[in-house]
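One-letter residues, chain by chain:
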Amino acid sequence: GAVVSQHPSWVICKSGTSVKIECRSLDFQATTMFWYRQFPKQSLMLMATSNEGSKATYEQGVEKDKFLINHASLTLSTLTVTSAHPEDSSFYICSGEIRVNTDTQYFGPGTRLTVL
Amino acid sequence: DAKTTQPPSMDCAEGRAANLPCNHSTISGNEYVYWYRQIHSQGPQYIIHGLKNNETNEMASLIITEDRKSSTLILPHATLRDTAVYYCIVKGYNFNKFYFGSGTKLNVKP
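Here the protein sequences line up with chains A and B, keeping their order. Residue 19 in this note's numbering sits at position 19 of the first sequence, and the numbers go up by one each step. Here this note's numbering = 1-based position in the second sequence + 1000.
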């Protein structure tokens, strides 16, 4: 149980275009989902917290107008990288939270974004 | 949230137990210890978590010291597939964000 999927698994786009990444919890409902970014040989960095039906909360230094997050249902959150640039190339990972006794996050497989 | 300190890397022979330490000396009473691992180019995988008692599941055992200032993740019989970066995270019950440190790169060798 506790499976999270992401689509696409990898994407290559041109500079200036927008890219949407989907995150789905397949066998549980996630009131809260999280988005992380990971650069090569670095640890995961939390970008934002997404609550179903409300605006996302962004970590300090993350541009909310560049990284648009929508959490329209209890099983789907999307991250749109707007006007992507080469420096946005990274590994983007989402997670869904299960709140039973304690809060445990289950992570998706990640999406590799390459901006040319 | 309390910060954690882990060795950057460790080696383990295949079939032997892997003991991964984590120091969290500033942990507070309501903070849990979580362990995740990340195999190259994949999302992190949940392993185990605990508050103060030792915990065991099908993947690993978590040993938390009595003063809760440190813990050890034990993989009883490491295999090559256990080669990964292991992250120890401390998080309060009513605080739902995970902040990842640099983790420990476990190299399981034949």
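Calculated directly from the structure, the hints in this document are not laboratory data. Keep in mind the model is a prediction, meaning the values are calculated, not measured. Cβ coordinates follow ideal geometry from the N, Cα and C atoms, glycine included. Hints are not guaranteed to be accurate.
[Stated by the list, open to error] Selected chain B positions facing chain A (Cβ under 7 Å, derived; list incomplete):
no.: 1; residue: Cys1012
no.: 2; residue: Gly1029
no.: 3; residue: Asn1030
no.: 4; residue: Thr1083
no.: 5; residue: Gly1092
no.: 6; residue: Asn1096
no.: 7; residue: Phe1100
[As the list claims (entries may be wrong)] Straight-line alpha carbon distances no greater than 30 Å define the calculated DSSO-like cross-link-like pairs of lysine-lysine that follow:
no.: 8; chain 1: A; residue 1: Lys41; chain 2: A; residue 2: Lys64
no.: 9; chain 1: A; residue 1: Lys55; chain 2: B; residue 2: Lys1097
no.: 10; chain 1: B; residue 1: Lys1003; chain 2: A; residue 2: Lys64
no.: 11; chain 1: B; residue 1: Lys1109; chain 2: B; residue 2: Lys1097
no.: 12; chain 1: B; residue 1: Lys1069; chain 2: A; residue 2: Lys41
no.: 13; chain 1: B; residue 1: Lys1003; chain 2: A; residue 2: Lys55
no.: 14; chain 1: A; residue 1: Lys14; chain 2: A; residue 2: Lys41
no.: 15; chain 1: A; residue 1: Lys20; chain 2: A; residue 2: Lys41
no.: 16; chain 1: A; residue 1: Lys20; chain 2: A; residue 2: Lys55
no.: 17; chain 1: A; residue 1: Lys66; chain 2: B; residue 2: Lys1097
no.: 18; chain 1: A; residue 1: Lys41; chain 2: B; residue 2: Lys1109
no.: 19; chain 1: B; residue 1: Lys1003; chain 2: A; residue 2: Lys20
no.: 20; chain 1: B; residue 1: Lys1069; chain 2: A; residue 2: Lys64
Violated hints, by number in ascending order, as checked against the structure: Hint check: 1, 2, 3, 4, 5, 11, 19 and 20 fail, others pass.
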